[in-house]
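**Student:** Spelled out, the chains give:
2 protein chains.
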Amino acid sequence: MFIPPLAPVYRHKGSTLAHDCAAATSRLAAAPDGFARRRRATPRAPLRMRHKHHGHREHTVLEVRAPSKTYPILFYEKTCMNDVAAFAPFIKGRAVLIVTNDTVATFYLERLRHTLDNCPGVDSVEVFVMPDGEEYKNMRTLNAILDMCAQARLDRQCALVALGGGVVGDVTGFAASVYLRGVPFIQVPTTLLAMVDSAVGGKTAVNHPMGKNLIGTFYQPEAVIADMSTLNTLDDRQLSAGIAEVIKYGLIRDATFLEWCEANVPRLMARDPAALRYAAEQSCRYKADVVAADERENGLRAILNLGHTFGHAIEAGTGYGSWLHGEAVATGMAMAAEMSRRLGHLTEADVRRVEAVLTEANLPVRPPPSMTLETFLAYMASDKKVVRGKIRLVLLERLGQAVVTADYDRQVLVDTIEYYRKLYDALPRDYERRLAHLRLPTEGERDAAVAREEASSE
Amino acid sequence: MFIPPLAPVYRHKGSTLAHDCAAATSRLAAAPDGFARRRRATPRAPLRMRHKHHGHREHTVLEVRAPSKTYPILFYEKTCMNDVAAFAPFIKGRAVLIVTNDTVATFYLERLRHTLDNCPGVDSVEVFVMPDGEEYKNMRTLNAILDMCAQARLDRQCALVALGGGVVGDVTGFAASVYLRGVPFIQVPTTLLAMVDSAVGGKTAVNHPMGKNLIGTFYQPEAVIADMSTLNTLDDRQLSAGIAEVIKYGLIRDATFLEWCEANVPRLMARDPAALRYAAEQSCRYKADVVAADERENGLRAILNLGHTFGHAIEAGTGYGSWLHGEAVATGMAMAAEMSRRLGHLTEADVRRVEAVLTEANLPVRPPPSMTLETFLAYMASDKKVVRGKIRLVLLERLGQAVVTADYDRQVLVDTIEYYRKLYDALPRDYERRLAHLRLPTEGERDAAVAREEASSE
Chain R
0 MFIPPLAPVY
10 RHKGSTLAHD
20 CAAATSRLAA
30 APDGFARRRR
40 ATPRAPLRMR
50 HKHHGHREHT
60 VLEVRAPSKT
70 YPILFYEKTC
80 MNDVAAFAPF
90 IKGRAVLIVT
100 NDTVATFYLE
110 RLRHTLDNCP
120 GVDSVEVFVM
130 PDGEEYKNMR
140 TLNAILDMCA
150 QARLDRQCAL
160 VALGGGVVGD
170 VTGFAASVYL
180 RGVPFIQVPT
190 TLLAMVDSAV
200 GGKTAVNHPM
210 GKNLIGTFYQ
220 PEAVIADMST
230 LNTLDDRQLS
240 AGIAEVIKYG
250 LIRDATFLEW
260 CEANVPRLMA
270 RDPAALRYAA
280 EQSCRYKADV
290 VAADERENGL
300 RAILNLGHTF
310 GHAIEAGTGY
320 GSWLHGEAVA
330 TGMAMAAEMS
340 RRLGHLTEAD
350 VRRVEAVLTE
360 ANLPVRPPPS
370 MTLETFLAYM
380 ASDKKVVRGK
390 IRLVLLERLG
400 QAVVTADYDR
410 QVLVDTIEYY
420 RKLYDALPRD
430 YERRLAHLRL
440 PTEGERDAAV
450 AREEASSE
Chain Z
0 MFIPPLAPVY
10 RHKGSTLAHD
20 CAAATSRLAA
30 APDGFARRRR
40 ATPRAPLRMR
50 HKHHGHREHT
60 VLEVRAPSKT
70 YPILFYEKTC
80 MNDVAAFAPF
90 IKGRAVLIVT
100 NDTVATFYLE
110 RLRHTLDNCP
120 GVDSVEVFVM
130 PDGEEYKNMR
140 TLNAILDMCA
150 QARLDRQCAL
160 VALGGGVVGD
170 VTGFAASVYL
180 RGVPFIQVPT
190 TLLAMVDSAV
200 GGKTAVNHPM
210 GKNLIGTFYQ
220 PEAVIADMST
230 LNTLDDRQLS
240 AGIAEVIKYG
250 LIRDATFLEW
260 CEANVPRLMA
270 RDPAALRYAA
280 EQSCRYKADV
290 VAADERENGL
300 RAILNLGHTF
310 GHAIEAGTGY
320 GSWLHGEAVA
330 TGMAMAAEMS
340 RRLGHLTEAD
350 VRRVEAVLTE
360 ANLPVRPPPS
370 MTLETFLAYM
380 ASDKKVVRGK
390 IRLVLLERLG
400 QAVVTADYDR
410 QVLVDTIEYY
420 RKLYDALPRD
430 YERRLAHLRL
440 PTEGERDAAV
450 AREEASSE
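Chains R and Z supply the protein sequences, listed in that same order. Residue numbers for the first sequence follow numbering that gives the first Met the number 0, so the first one is 0 and each next one is one higher. Residue numbers for the second sequence follow numbering that gives the first Met the number 0, so the first one is 0 and each next one is one higher.
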């Protein structure tokens, strides 16, 4: 079991004031070591601080230095839902609106509502509870949240608090970015996927029937407050979906971290707190680096979408809410690896490694049979990365190194999708129902499929 | 008739290339005189250039240097709707979507569609025609535009073109800011109000039943292309509504310009091209100054809302579309002037001057009888400038100098609104139907109202 050391570490001691966390953050921003520059050519790893306050719970802070805003991600290993000191520094006004879903509400809503109600200066805490599921991440839910903001007469000093996973965070962030042309909001992610990906970096969105996340904004939160203990109430399927995004960072940025994932998926699945916190912090560090260099996805940031163009097509093509986002991304990453192999970048063994680590995390690596070539191509054609009709894809030059390109033979894309179609005969009959997480094709199945493919292309 | 000279003027001669306009703009941005700095403490007047190209029509250019983007406003005195060279520099992709309304479409849509179709590289021009009227500036129209973008599979290299007045520009800009998290858009204002105010500065919005412009973004266009000849097809009422915003700049920024307005309202009403162009250019210059200093309305920019808090209440309270925005703002400015008088800033004569110049432009200076005190206060309470329950108002310290304040005796606000209620008895019976543009109260009516008010407050 290999856990690389975290560095650089900055230890901050002594004060008991609740808002020291925010104060320390701003001191950090003004530090003379050059970190305070808002843009730099080659992003450095954001500085990490470890707080050991007597006045509130131990937590670590990672800073995101996006060009439009610098803000902290706070990781609490023990729950902070009762801790006024964790939230108060980021609440500036009198009115708070918590947005959550009915699953998360059961566990955390009352505690968080009570905590926010006790923040200094707060005199009203409204609550918006949406149904749980990707299928509710749409303009209708956005409108309902905005109606509530308007009816509660929230002013620009309010705070919207997103308590939940990626769906809640994305739609709440979008609402915050357009209500009164922008009000403050705080991410309180309760899924691993949200902690390592969607809550960080300021992408907000809702889905459109024509495609995933087609409508949204770039809008950074005031803070991301990650209560790692909430992962104990996450169901296994959601946990696996989050691990998909963790593995993604290894694939696109760091082969050493991929090795760590390969060794530690069982610990993550068993919810080992140290492993989860390391995975979350490391993932956020990669993401913060990329966002600092390219907030609005003019270039580099697109690599974070490894597997997403295939994955979004699966999500949209199967109807949002059937596959989890992380599951679709896992399959998309396997498909991107397979396509990278066909373009000569990866070896067969690399592809098997990708499939193995995902399968170990109980993630699907095959699209469902309902996804025909036509369905894939139609949804991929409305991807946001499409330019002048060319579908830009994130592919792997090698494990640990991604590349964004529209410069590939389109036939290879078609062949890749068709390859998975031909695997269907070898798949269990109830694959679609089971989402096919559960096994890799056998050597024989794979060879047979390759043989069928070669026969048909002659 | 007094027209102050325009300065500084930069003359650019010689080239016939269509895109020289854009090239000149970027040269200007790189000029060594310090204009290229993106932020400065005290904004300078944006530099103005006069082009005399052989290859395309004469126009003037004013640059808006917002912190998030620098872009030109191009004023064409003769129509540019047929002129590919006017639009081509700002169209980067293959697909264009024109958004317009059914009134404007009658006059300009086919010509502009044909022109855009002939821009190099463009291979599809879609059209979205909305009904004319403020009541359609809502989330429903926004959704319909976004549906069309998605169904046409527009990519991030597309261009949305807003052909129309403030409603079309605001909702198109909003759509452009959220589709694929932001695509380019071009403002082609066809009303005086849009040319001098709404198309410039990057505020986008839709209305909410709870209040005007409650939902939107800050998002700058690629360019504002003002074809001044379109003002010839504008109806008189719309023209007057635009003049209200022109007069506003005099009231908040420049008493000399207010004098110019007082002398030249008849020329503006008669659509004298030189007067209209001067008014538009001067207004845009004031606005560009303010936007350069405070793009996201953290401070100074709020002065542009003189009359808007009262005016938005009238628009929302009477149902959007009954009063034009400029009419409501005119009445709101008269009310703000009256309230400023009650706070000791303006004299009775100042208030009469404000009312006189607005009335000269055929604008209403009295709210309709349906607007009760309760209605005013309810809608004003959901204004975006409300902070911690206090309604911040733009008032006049003197003619030519505005101030934003929440530090006033609330009773004075109540008294101001009540004062107008008491004037109703002296108003013509069909005031509401006629929008009461047509006359000031007589001396006797005014004195009687003041007497009634004083009697009731004893």
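If you're looking for bench data, these hints aren't it; they were derived computationally from the structure. Quick reminder that beta carbons are idealized off the backbone N, C-alpha and C, glycines included. Possibly wrong hints are sitting among the right ones.
[What the hints assert, rightly or not] The calculated lysine to any residue pairs, modelled on SDA-like cross-linking and capped at a C-alpha distance of 25 Å, are:
{"no.": "1", "chain 1": "Z", "residue 1": "Lys384", "chain 2": "R", "residue 2": "Asp122"}
{"no.": "2", "chain 1": "Z", "residue 1": "Lys384", "chain 2": "R", "residue 2": "Arg352"}
{"no.": "3", "chain 1": "Z", "residue 1": "Lys384", "chain 2": "Z", "residue 2": "Lys77"}
{"no.": "4", "chain 1": "R", "residue 1": "Lys91", "chain 2": "Z", "residue 2": "Val386"}
{"no.": "5", "chain 1": "R", "residue 1": "Lys68", "chain 2": "Z", "residue 2": "Gly298"}
{"no.": "6", "chain 1": "R", "residue 1": "Lys384", "chain 2": "Z", "residue 2": "Arg387"}
{"no.": "7", "chain 1": "R", "residue 1": "Lys384", "chain 2": "Z", "residue 2": "Gly181"}
{"no.": "8", "chain 1": "R", "residue 1": "Lys389", "chain 2": "Z", "residue 2": "Gly181"}
{"no.": "9", "chain 1": "Z", "residue 1": "Lys91", "chain 2": "R", "residue 2": "Arg152"}
{"no.": "10", "chain 1": "R", "residue 1": "Lys389", "chain 2": "Z", "residue 2": "Thr216"}
{"no.": "11", "chain 1": "R", "residue 1": "Lys384", "chain 2": "Z", "residue 2": "Arg93"}
{"no.": "12", "chain 1": "Z", "residue 1": "Lys68", "chain 2": "R", "residue 2": "Asp122"}
{"no.": "13", "chain 1": "Z", "residue 1": "Lys384", "chain 2": "R", "residue 2": "Gln156"}
{"no.": "14", "chain 1": "R", "residue 1": "Lys389", "chain 2": "Z", "residue 2": "Met138"}
{"no.": "15", "chain 1": "R", "residue 1": "Lys384", "chain 2": "Z", "residue 2": "Arg391"}
{"no.": "16", "chain 1": "Z", "residue 1": "Lys68", "chain 2": "Z", "residue 2": "Pro183"}
{"no.": "17", "chain 1": "R", "residue 1": "Lys91", "chain 2": "Z", "residue 2": "Arg387"}
{"no.": "18", "chain 1": "R", "residue 1": "Lys384", "chain 2": "Z", "residue 2": "Asp146"}
{"no.": "19", "chain 1": "R", "residue 1": "Lys389", "chain 2": "Z", "residue 2": "Arg155"}
{"no.": "20", "chain 1": "R", "residue 1": "Lys384", "chain 2": "R", "residue 2": "Asn137"}
{"no.": "21", "chain 1": "R", "residue 1": "Lys384", "chain 2": "Z", "residue 2": "Gln156"}
{"no.": "22", "chain 1": "R", "residue 1": "Lys389", "chain 2": "Z", "residue 2": "Pro183"}
{"no.": "23", "chain 1": "Z", "residue 1": "Lys389", "chain 2": "R", "residue 2": "Arg152"}
{"no.": "24", "chain 1": "R", "residue 1": "Lys91", "chain 2": "Z", "residue 2": "Arg155"}
{"no.": "25", "chain 1": "Z", "residue 1": "Lys91", "chain 2": "R", "residue 2": "Tyr407"}
{"no.": "26", "chain 1": "R", "residue 1": "Lys384", "chain 2": "Z", "residue 2": "Val124"}
{"no.": "27", "chain 1": "R", "residue 1": "Lys389", "chain 2": "Z", "residue 2": "Val124"}
{"no.": "28", "chain 1": "Z", "residue 1": "Lys68", "chain 2": "R", "residue 2": "Ala292"}
{"no.": "29", "chain 1": "Z", "residue 1": "Lys384", "chain 2": "R", "residue 2": "Ala292"}
{"no.": "30", "chain 1": "Z", "residue 1": "Lys389", "chain 2": "R", "residue 2": "Met147"}
{"no.": "31", "chain 1": "Z", "residue 1": "Lys384", "chain 2": "Z", "residue 2": "Glu258"}
{"no.": "32", "chain 1": "Z", "residue 1": "Lys389", "chain 2": "R", "residue 2": "Asp408"}
{"no.": "33", "chain 1": "Z", "residue 1": "Lys384", "chain 2": "R", "residue 2": "Ser67"}
{"no.": "34", "chain 1": "Z", "residue 1": "Lys68", "chain 2": "R", "residue 2": "Val386"}
{"no.": "35", "chain 1": "R", "residue 1": "Lys91", "chain 2": "Z", "residue 2": "Lys389"}
[What the hints assert, rightly or not] Derived Cβ-Cβ restraints for the label pairs, each shown as a range:
{"no.": "36", "chain 1": "Z", "residue 1": "Asp146", "chain 2": "R", "residue 2": "Pro130", "range": "43 to 53 Å"}
{"no.": "37", "chain 1": "Z", "residue 1": "Pro208", "chain 2": "R", "residue 2": "Arg397", "range": "51 to 61 Å"}
{"no.": "38", "chain 1": "Z", "residue 1": "Ala262", "chain 2": "R", "residue 2": "Ala405", "range": "40 to 50 Å"}
{"no.": "39", "chain 1": "R", "residue 1": "Ala405", "chain 2": "Z", "residue 2": "Asn117", "range": "23 to 33 Å"}
{"no.": "40", "chain 1": "Z", "residue 1": "Ser67", "chain 2": "R", "residue 2": "Val413", "range": "36 to 46 Å"}
**Student:** Against this structure, judge whether each hint is valid.
**Tutor:** Hints, one by one, checked against the model:
| no. | hint | in the structure |
| --- | --- | --- |
| 1 | Lys384/Z / Asp122/R | holds, 19 Å |
| 2 | Lys384/Z / Arg352/R | violated, 56 Å |
| 3 | Lys384/Z / Lys77/Z | violated, 39 Å |
| 4 | Lys91/R / Val386/Z | holds, 11 Å |
| 5 | Lys68/R / Gly298/Z | holds, 19 Å |
| 6 | Lys384/R / Arg387/Z | violated, 42 Å |
| 7 | Lys384/R / Gly181/Z | holds, 12 Å |
| 8 | Lys389/R / Gly181/Z | holds, 19 Å |
| 9 | Lys91/Z / Arg152/R | violated, 41 Å |
| 10 | Lys389/R / Thr216/Z | violated, 30 Å |
| 11 | Lys384/R / Arg93/Z | holds, 15 Å |
| 12 | Lys68/Z / Asp122/R | violated, 38 Å |
| 13 | Lys384/Z / Gln156/R | holds, 10 Å |
| 14 | Lys389/R / Met138/Z | violated, 31 Å |
| 15 | Lys384/R / Arg391/Z | violated, 43 Å |
| 16 | Lys68/Z / Pro183/Z | holds, 12 Å |
| 17 | Lys91/R / Arg387/Z | holds, 10 Å |
| 18 | Lys384/R / Asp146/Z | holds, 18 Å |
| 19 | Lys389/R / Arg155/Z | holds, 12 Å |
| 20 | Lys384/R / Asn137/R | holds, 20 Å |
| 21 | Lys384/R / Gln156/Z | holds, 10 Å |
| 22 | Lys389/R / Pro183/Z | holds, 19 Å |
| 23 | Lys389/Z / Arg152/R | holds, 12 Å |
| 24 | Lys91/R / Arg155/Z | violated, 36 Å |
| 25 | Lys91/Z / Tyr407/R | holds, 23 Å |
| 26 | Lys384/R / Val124/Z | holds, 21 Å |
| 27 | Lys389/R / Val124/Z | holds, 19 Å |
| 28 | Lys68/Z / Ala292/R | holds, 19 Å |
| 29 | Lys384/Z / Ala292/R | violated, 34 Å |
| 30 | Lys389/Z / Met147/R | holds, 20 Å |
| 31 | Lys384/Z / Glu258/Z | violated, 29 Å |
| 32 | Lys389/Z / Asp408/R | violated, 62 Å |
| 33 | Lys384/Z / Ser67/R | holds, 23 Å |
| 34 | Lys68/Z / Val386/R | holds, 22 Å |
| 35 | Lys91/R / Lys389/Z | holds, 16 Å |
| 36 | Asp146/Z / Pro130/R: 43 to 53 Å | violated, 23 Å |
| 37 | Pro208/Z / Arg397/R: 51 to 61 Å | holds, 56 Å |
| 38 | Ala262/Z / Ala405/R: 40 to 50 Å | violated, 59 Å |
| 39 | Ala405/R / Asn117/Z: 23 to 33 Å | holds, 27 Å |
| 40 | Ser67/Z / Val413/R: 36 to 46 Å | holds, 41 Å |
Hints 2, 3, 6, 9, 10, 12, 14, 15, 24, 29, 31, 32, 36 and 38 from the earlier list are contradicted by this structure; the remaining hints agree with it.
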